Amino acid sequence: MEDKDIIEQIETVLSDMKSFLENGNILIVEGHKDKAALKTLGVTANDKEGSDENIRLCANVPAGPFCEAIAEEVRKDPEKKIAILTDWDRRGKIRADSLTSQFDDLDTPYDMQFRRDLIRAAGRFIKDVESLDTFLRHLKEREEDPSVSDV
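Quick note on numbering: the sequence shown equals residues 7 to 157 in the numbering used here.
Since the hints were derived computationally from the structure, they do not count as laboratory data. Given the structure is predicted, the values throughout are model-derived calculations rather than measurements.
In silico DSBU-like pairs for lysine-lysine, Cα to Cα no more than 30 Å straight-line:
| # | residue 1 | residue 2 |
| --- | --- | --- |
| 1 | K24 | K45 |
| 2 | K99 | K87 |
| 3 | K45 | K82 |
| 4 | K86 | K45 |
| 5 | K41 | K86 |
Build the full structure now, drawing on both the sequences and the hints.
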């Protein structure tokens with residue numbers, strides 16, 4: 007796959023994530039660096055000057071109470087959706103499995119499509135959400151100047 011195709015795929019996912027958040031939905035990521043990378047890439051809700059309150063951090067918190075709180079929030083507002091975007095390394099997969107198991111037990115729907123799409127586009131090159139901003143910037147630089155080294 008060529009750089010321009012990877013760039014296009016990633017930017018499409020990022021645009022979809024932004025729309026998802028602007029609709030008041032919840033995006034679960036692992037840590038602060040993941041959240042910061044997404045914010046750098048413009049993935050925030052525009053409701054409160056780039057608010058990122060609907061990007062929730064799941065690292066270093068017990069999955070049970072974390073998922074219960076989100077499930078309760080979704081029960082109060084059935085229009086609200088949940089997307090899980092953990093890293094695609096071993097720990098991220100374990101965390102994703104834990105979250106999905108909890109949400110299944112709570113009979114709360116969730117979506118993992120953003121994660122699948124990013125793995126498809128960038129999984130051969132990077133293993134985590136926090137690397138997306140630098141990876142995308144590097145691809146764009148290389149697209150503009152082919153003499154820039156490989157990713």
